[in-house]
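Residues per chain are reported as follows:
There are 2 protein chains.
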Amino acid sequence: MKITLGQINYHIGNFEKNYQKIQSVVEKAKAEGSDIVVFGELATTGYPPRDFLEFPDFIARSNAVLERIRSLSDGIGIIVGAPTINPKKEGKDLFNSAYFFADQQVIHVHHKTLLPTYDIFDEYRYFEPNYTFEVVEYKGYNIALTVCEDIWNIGNENPLYPVCPLDEMMPLNPDFVINLSASPFSIMHAEERKAIVRENVNRYKIPMFYVNHVGAQTEILFDGGSIVASGNGKIFKELPYFEECVETVNLHDVMNAQQEDVQVDDNIKEMHDALVMGIKEYFGKLGFKTAVLGLSGGIDSAVTAALAARALGGENVRGLLMPSQFSSEHSVADAKALAENLGMPYDIIPIAEIYKSFDDALSPAFTGTEFNVTEENIQARIRGVLNMAISNKFGNILLNTSNKSEMAVGYGTLYGDLCGGMSVIGDVYKTDVYKLAEYINADGLVIPRNTIEKPPSAELRPNQKDSDSLPDYEILDQILFQYIEEKKGPQEIIAQGHDAALVNRILRLVNINEFKRYQTAPVLRVSSKSFGMGRRLPIVAKYLS
Amino acid sequence: MKITLGQINYHIGNFEKNYQKIQSVVEKAKAEGSDIVVFGELATTGYPPRDFLEFPDFIARSNAVLERIRSLSDGIGIIVGAPTINPKKEGKDLFNSAYFFADQQVIHVHHKTLLPTYDIFDEYRYFEPNYTFEVVEYKGYNIALTVCEDIWNIGNENPLYPVCPLDEMMPLNPDFVINLSASPFSIMHAEERKAIVRENVNRYKIPMFYVNHVGAQTEILFDGGSIVASGNGKIFKELPYFEECVETVNLHDVMNAQQEDVQVDDNIKEMHDALVMGIKEYFGKLGFKTAVLGLSGGIDSAVTAALAARALGGENVRGLLMPSQFSSEHSVADAKALAENLGMPYDIIPIAEIYKSFDDALSPAFTGTEFNVTEENIQARIRGVLNMAISNKFGNILLNTSNKSEMAVGYGTLYGDLCGGMSVIGDVYKTDVYKLAEYINADGLVIPRNTIEKPPSAELRPNQKDSDSLPDYEILDQILFQYIEEKKGPQEIIAQGHDAALVNRILRLVNINEFKRYQTAPVLRVSSKSFGMGRRLPIVAKYLS
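Going down the list, the protein sequences come from chains E and H. Heads up: the first sequence is residues 789 to 1333, going by this note's numbering. Heads up: the second sequence is residues 789 to 1333, going by this note's numbering.
For the record, the hints were derived by calculation from the structure and aren't laboratory data. Please note: incorrect hints may appear among the correct ones.
A pair counts as met if it fits within one copy or between any two copies, since identical chains are not told apart.
Claimed, not checked - With a Cα cut of at most 30 Å, we get these calculated DSS-like pairs of lysine-lysine:
id	residue 1	residue 2
1	K1181	K982
2	K876	K1242
3	K1124	K1144
4	K1144	K1181
5	K1330	K1181
Since the model is a prediction, treat every value here as computed from it, not as a measurement.
Starting from the given sequences, assemble the full structure and let the hints guide the process.
Structure, rendered in structure tokens:
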């Protein structure tokens, strides 16, 4: 028996495009003499379709595609994910299903049992869970179908669900397991994925074919990395990261796998590749080709520009250098050097005259007040207006250049440097921004050394440095990670050896700045806890604040 | 038996404040000789605490408050909502519980069975459902405890859940039902709430005591309207809307209720009161006193200003009149008249000089281009910068003045008129904005007639009118309502008699402008489907777009 894995890049709601991709993989699988071709979870709609699932018209369009896929199944088994209308009156209106088509018939439908409803996942918002367990017989094999999370409830210290679907299916003697996934990327996730597949095959002693999505849907990134695992615990094949791939394997070879074929994981490389893909996808799927961003001479805008240049081509990334009276000499020089290294067009637009016109207009209202953060923000907002003017006039999407450390503590100006259609490094702590810069420079100097080595500064008042108001980023990032990713309380973080006043101040800053993050662009998600849809907090609250 | 209902305004995470309020109601109930005092759902934490529930430190603080409440229960039964740690390894970490304290002991804990996970609700994200049903005996009565949604799964055409908790409890012969709620306001919701309580008491023939929250938590508004219903189907008492209230009733009187005591619902009045409360609460709970907003002379900013003046006092709402070369004579005159009617301080800051400085700075980059939406947006963004400058300098929160119709079709400038810490009327369709204006004027002229009667215009280019690019708001709002609230597809809306090209264009505009709404301030929620946390859609998608 030959099985083909279709690791595909879907586009949410683009039913015709998704169908065409599926069709072309089916044709290829047929040409290779495959018996079964497998696609990802919710392949007809793309993942996550979010509240579009609540629109009956959206589901009708998915069903129409499903019918067309069924009709492709002459001479081949097709396993594909799609939503199903729940025929029962009670419960949620849909199931999240794996369809098995053969001979142009539906030979089996498995509904997902374990519905992730945490972090970025909202599946119980839409889907009714399933609690009946069957296997499907096809060409003499018993096959256990599972959807994504269905295989993740084993070996956990704190299992999220009271049931483990494959434990229920094992009495039915399946010969192998197929898993349709849409499992988003985060650093470490490729390792977790391999570990969980290994845990399954070691427990059940039968092969598993795990098919993931690749590509990006707004902020959610899919790295692919689909897996064929042998029943003896070996990973027979791991499909590449961050690219589409169609791979056909012979079940006999899988069963007798003697050696492994796995990729070595490198967190900074994967973060880099994920961000480049995320930019490319956001632009590509929205139909845009060109970006604009402010280049301050600092490391955040430099890394963002370099990633964008790799995604879109340097000639498609326009840099704006917008010096003020507070800008240092090196800020323009470093930004120019960067733009030249990347082959980016750039404009120099000094903002002093515009600033003066705001100062004049506001002087009656501001009589008797001192220069403070207001005037700093005006500078950042003038740059926001200029960036958006280029964006609007020439159709370039503005890239937000804030990093995760800044976004966490609110070190950024709303409607100023926080402007942008997407946040490229908003899920990358400052200390990792430096690592990305070194990685980008590994094959030759792209980001000027001075940009990497000078002390970080917003340059919004004379001789300003980040370290005037923030601790060293090494310390800051440790505290933030403990609070944001690890959800530790202040006492626990202090007990790790951090200064109590500092910890309380930082946690307070995180919480009182929720209002800024609420209005910030979607952030490409590379960590296990990114700002955005996976972290939901009230603005008006009084906790550690 | 006497029962006291505590309809309280909680503050999320403000444990000390929440405890003090609960304590003072307990004291009052004791003074009135009550046998039981009842509070709302998750009263210790406030509702919805969202992802704070995932922080063990947050739960520990809630538990500490719960212990203090328990110790208040000498001589009185206290029923109060709080999260409970799930002692089982499997499943979600928490329950959403109703605690019954008496004689300083826990005499019963009921965990919520039906966990709303739709629209603004995310309860299955945090809580494990409960499926064991008991009643608690107290002073000779059998009492059925329920939490909010537990009583809502009856009489529905499309029941969301496979179980109905009170059906399960009825064999245990409860004498009355207590329901701890945190059921958010929307227009029509007070009627739905009364209808569902009636449906319950008519079905079970025993009294129900329904206790709701009041106040606002960021965008979520609670109107109170707690209910005491008799087993004969009569509403014995409905507590007031939009204010805290402690009410003690005698069970004997409830059982023998002969007449009803219910408020007459008036949608526009309730929308008005809800918005005024929402503003007051946002400012009060964040510790701010003063607002700023741009006054264009148009109806949206006028209604927003009037609501803010009612919430904060006219003297605490500062208006900025920022005319450009495209502003009509009447725009300043109408805005001044409004400010004077409301007793608002105002500044007139012409933007022509600032605009010229941007024009000059951009002229090298814009060589050979024509005036278009870019230059319109620059004007809107200059106003955004000025509004934010006043906000930053004087600590006024900027109010966003966009209405729901505009936000739906993207008729607004990101980082321009879409700036603001909160959106006051972003869930009010333009046709309802007019109704609010007339309601506000009912007791005397506040909003100038000319503001209400002139054709709407953004005044960003010569002689611009909203009707140049949008259909009449009567038509637009009908189409938007069918799509947003009713989730109808294009064919269904066209079948209602609307022009096909128009429907397709409007639905496309709604979907392609998701990126703007993503970065807009929280919107006070007054409808069943508001933009924000209850409507979750991908930015990058290709559906009807």
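**OP:** Give me the numbers of the hints this structure contradicts, sorted from smallest to largest.
**Re:** 1 and 2
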